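Respectively, the protein sequence lines represent chains A and B. Going letter by letter, the first sequence gives residues 10 to 370 in this note's numbering. Going letter by letter, the second sequence gives residues 10 to 370 in this note's numbering.
Since the list gives no way to pick one copy over another, a pair counts as held whenever it fits inside one copy or between any two copies.
The list that follows gives simulated cross-link-like pairs (lysine to aspartate or glutamate, DMTMM-like), each with its CA atoms no further than 20 Å apart:
id, residue 1, residue 2
1, 343, 359
2, 170, 132
3, 330, 315
4, 170, 133
5, 81, 189
6, 49, 139
7, 330, 153
8, 168, 139
The set of hints was computed from the structure by calculation and includes no laboratory data. Nothing here was measured: the structure is a model prediction, and the numbers come from that model.
Number of protein chains: 2
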Amino acid sequence: MNNHRLSIQGAVCPIPLQHDDQVLLGHGSGGKLSQNLIQKTFYPAFDNPYLLAGDDAGVIQLEIPGIGDTTKLKLAISTDSHVVAPLFFPGGDIGRLAICGTVNDVAMMGAQPLYLTAGFILEEGFAISDLEKILASMHYAAAEAGILVIAGDTKVVQKGKADGVYINTTGIGLIPANVDIHGSNARPGDLVILSGVIAEHGIAVLQARGELGFTSGIVSDVQPVNHLVSAMLAVSHQIHVLRDPTRGGLATTLNEIACQSEVGIMIHEQSIPIASAVMAACEMLGFDPLYIANEGKLVAIISAEDAQAVLSAMRLIPAGKDAVIIGEVIATPKGRVLGKTILGTTRVIDIPSGEILPRIC
Amino acid sequence: MNNHRLSIQGAVCPIPLQHDDQVLLGHGSGGKLSQNLIQKTFYPAFDNPYLLAGDDAGVIQLEIPGIGDTTKLKLAISTDSHVVAPLFFPGGDIGRLAICGTVNDVAMMGAQPLYLTAGFILEEGFAISDLEKILASMHYAAAEAGILVIAGDTKVVQKGKADGVYINTTGIGLIPANVDIHGSNARPGDLVILSGVIAEHGIAVLQARGELGFTSGIVSDVQPVNHLVSAMLAVSHQIHVLRDPTRGGLATTLNEIACQSEVGIMIHEQSIPIASAVMAACEMLGFDPLYIANEGKLVAIISAEDAQAVLSAMRLIPAGKDAVIIGEVIATPKGRVLGKTILGTTRVIDIPSGEILPRIC
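Same shape as in the complex, but just chain A (with noise of 0.2 Å):
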């Protein structure tokens, strides 16, 4: 989850400006306080097109003059901060998160990430066992991902003034020329894909913090997609929309796109892959899991015709191998995402509002 994402605040998904004094916990939910923030306290700052277009990762074009003809070249930057709480968790850790989280926002835009940066804060006492742990794990998810981490920073603050280590990674890749992948290109008529089964990361952090009040083996789904996009990139060049659903979930995602867009999406919620254990555990918890972060998974909107050779190539990849058409981009209502019910009702899928949970990325 990235980039600000501005756009949302468009003609078609106004945010109602509240008045905060404080920096609350749901404005890092990444749902509707964290819009209002960004909007209201961030966007004045950084008011330029790049941020404005509120995708995944910025997209820059270098112009190289060359002898008679000029050069142009599209880079993907992202950055993101994680924070998550605890450090280790079923299937990962703070560490290769970081890796796997921006690698995916800077393929989110169509671009083959090729270099990330780390910043790490370290607090006073941390032990070095477990940096250790966390840096061997960004050594294999970044081996995993294929991208070298090219620049690095390490800061230390007191006891007290943080918690064990937060990471920076900021990522770079290249777009090719062919591909024009944004939040705002949804058409309707396009049809929606998921990549996998849903939910799992966020549940399986709060497995690690007790929350749960049961051992249920479910794991972090935390995992690298450039690949996938990859393997969807070479068998069509009309991927209209990528996006990863980490924090604040599939629902937010889409609801994004949906603004982003101005178009309506209309999901059939019994075609979502849920594991049956997550299932379980969001019921007892009482979390709908389309708002529970995912760090492996994407979103794809796709032209109808190229559908299902995007579907069959993703399904090849092992990141892709439960791809799901789950819906499709429809005209009206504009900015609305809509959710048809296994009773065969519809309900509004609407963005949160406040703290979802808190430091799950």
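Keeping the supplied structure of chain A fixed, place chain B upon it in accordance with the hints.
Using the frame of chain A, we list chain B on its own:
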């Protein structure tokens, strides 16, 4: 101060490996303890030539295949997490520091900084009015440097898990084809230029902490130096090394260069410009100003024949008006910085070993 400066561990300047179980404040000082942590802990995870170069930014080369020819594009990428305490200090704040720190690290590769990302970790309860001040400060510093913030991220952690706000900035800049500036390029006979007075930033932050015990009127020098670098590059192709003497001060920076280039550096101490108020504060506190952080200065190592032209060009720019030649590169002792004192004696200016001033940037 950046990019983990791994090369300082080379054959010329081995750091004795120390075994620590826990992160210490001194691990963030920029001195020997920092180098130890990087060598022992970070090095095994991120062992690649980009990071190993040990410069202020990672330098990558992108190749764009064209018709008949391949265009090569050199980019400098640098990351820095800012944890300065307090957030506001005479002459600046964490926002101005976060922009200038990364702009300057990118500029130290001879690159023109173009784009920055910004990642915020906010503490629950932090005053929105303070956040607004910091963002306004970032806005003005970005305009001063001529860069755009193109991607952002905001996370919130519980009260007591941060210290108001921490800001990571990552910057990208374009290196002109004919520029080759690295910490390893210093050659015996080169001259050492310093762009102005030293130690203001560190003392200004100490003053803001109430640690001076008096009000000195000293303000931080925090400013972007990229326009200064452009002016220098316009008059010389013989700039071998550029570096900003931040965390660890001028002494640490010169030691890093001496180690990377496997040369000695002789400094004429009386030629180093220091404001009298700064000198008085350092004497009272028992600090050597050579080890105190700067945030708007640079050190340049330049071939002797170009030094005068570069110096003249620097003095026309406000950020370089007090630029002076402070010493020269010598063949031996390799990896050592020597200071010719005002009494005519020579002392070794070593890299500091432990904590100097925590959370200065």
